[in-house]
Amino acid sequence: MRFVLVLLGTMCMVGCSYDSNRPMDTERKAASIDAQSMAQTSLSNDTDFSGEAYDQIVENRFLNAAVNPLSTFSIDVDTASYSNVRRFLTQGQLPPAGAVRIEEMLNYFPYEYPPPSGDEPFSASIEMAGCPWNPAHTLARIALKGREINSAHRPVSNLVFLLDVSGSMAEPNKLPLVKSAIKMLVDNFGENDRVAIVVYAGASGLVLPSTTGDQRDVIHDALERLNAGGGTNGGAGVELAYNVAVENYIAGGVNRVILCTDGDFNIGTTNQSDLVQLIESKAKSGVYLSVLGFGMGNYQDSTLEKLADRGNGNYGYIDTLNEARKVFVEQMTGTLITIAKDVKIQVDFNPARVAGYRLIGYENRMLQAEDFQDDAKDAGEIGAGHTVTALYEIVPVGSDTPLPQVDPSKYQQPQNAAVADEFEVLTLRLRYKDPDGTDSRELRFTLQHSDKSFAEASPDFQFATAIAAFGMLLRDSEHRGTATLDTVLEIARANLTWDPHGYRAEFVELVERARSLKAGNQLSKL
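Following our numbering, the numbering of the sequence shown begins with 133 at its first residue and continues without gaps.
I should point out that these hints are in silico values taken from the structure, not numbers from a laboratory.
You may find that some hints are simply not true.
Unchecked claim - No more than 20 Å apart at the CA atoms, straight line, and that leaves these computed lysine to any residue pairs for SDA-like:
1) 584 - 530
2) 416 - 569
3) 311 - 462
4) 565 - 281
5) 315 - 451
Said to hold, decoys possible - For each label pair, taking beta carbons as the anchor points, the in silico distance ranges come out as:
6) 312 - 280: 21 to 31 Å
7) 312 - 199: 47 to 57 Å
8) 361 - 202: 46 to 56 Å
9) 536 - 247: 37 to 47 Å
10) 267 - 536: 17 to 27 Å
11) 356 - 283: 17 to 27 Å
12) 575 - 323: 36 to 46 Å
13) 633 - 412: 32 to 42 Å
14) 249 - 302: 43 to 53 Å
15) 244 - 223: 30 to 40 Å
16) 418 - 282: 23 to 33 Å
17) 202 - 323: 45 to 55 Å
Note that the Cβ used here is the ideal one computed from N, Cα and C, for glycine as well.
The task is simple: from the sequences and hints, build the whole structure.
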């Protein structure tokens, strides 16, 4: 799981005030990242995103199943993209294409997936039905559900908050929101939990030494004394935060650094790859990472997503107090507790049934086929109660959809006729490690052919499809087919029955906002 926390390197006594413009006694060599300006999206001609950084996403294309029968990728439980897209739409702007990662939109929502049984940390299920934006195709949904852990029975926690208190964090939706979010979490802690606060700006410092969770007034007071100002030296804060976490390591407990920042690292280590390598080296300590993004205008999504990816972490974006409550209260155990790590998925398509396929999203989580068996290859983590959703668009054998063609090898082994005659569409393979383990376990499942129509699919399947279609429309995907915002709304509204937190109803409101923006900007592609 991935969450980012910003730390300062100055050592302060509990209760002392901290001003990031003031010289620090424990100043360390800095590390920061140059913000890379990304190209603006074509969705809106008059919107300037030049201060924010998003990586360009090259969409997964359709592959020929006879030539490329294996599709391999790492799971991803990040949710930052959805809440960031919500921020844009709420403020009356369509998001840049690079901000729209469909897998993070899918995984923002809880689903009624079956819980795991036995000793497995998560369950897996597969469903197949018609594709609403291309009647000649079908969709296959892979669904994982992590084991729930009641918050009353969660392991004790050793958390180090790494907080960015540089000048760019002074806005109300940055450092003030960070303080409120942390209070929500620690107010649920007890005497066996431990909390430390590291801050960084021009240098880094320890504002709150590791303190028992029942000392809420001390923790609150340390937070209230923080002020924003100065440049951003993230590398020094990372070093200090992980050192504090290791010094207070709890065997069998939750050991995690939580980085809160806008990602605008501008002094010290300013090369993005250097900071990513630093985080990657610290992940070997056994301390997990959570990266939480805040703010707008200079938001560096591309940096934060990479840090969480390499730090055995999760990545979220907090734009409101409600989102803070979701991350730190409603889904506290999922945010903090890793139940399986290095989780990889490999799908083996039967070319007797499948002519071609396309994985929707997960572009920056793709792996080589040989990576699946390689236990040294890093992959994503899943937290307690988390759900993971992946959608494949499948081109059935006999469809006239054009696919990449390659002449067969003279030496290629013939297809397994016994398997080709069966009704199997695909085999799903999963590999994972226990949180403290080094060897992987493997699970296998098969999907039988089904002629089920989209209307006959489960509510969860249909709602996930609406999310994927919305993401493709926002990205102006060449694969969006006949999808429109009207059809997205129709599907989403029909599947609001199970909505315990109101997230699905909010999704409908966001699609309606996008439709209004489309009408105002004459964007026919939506």
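Okay, which hints does this one fail, numbers in order?
none
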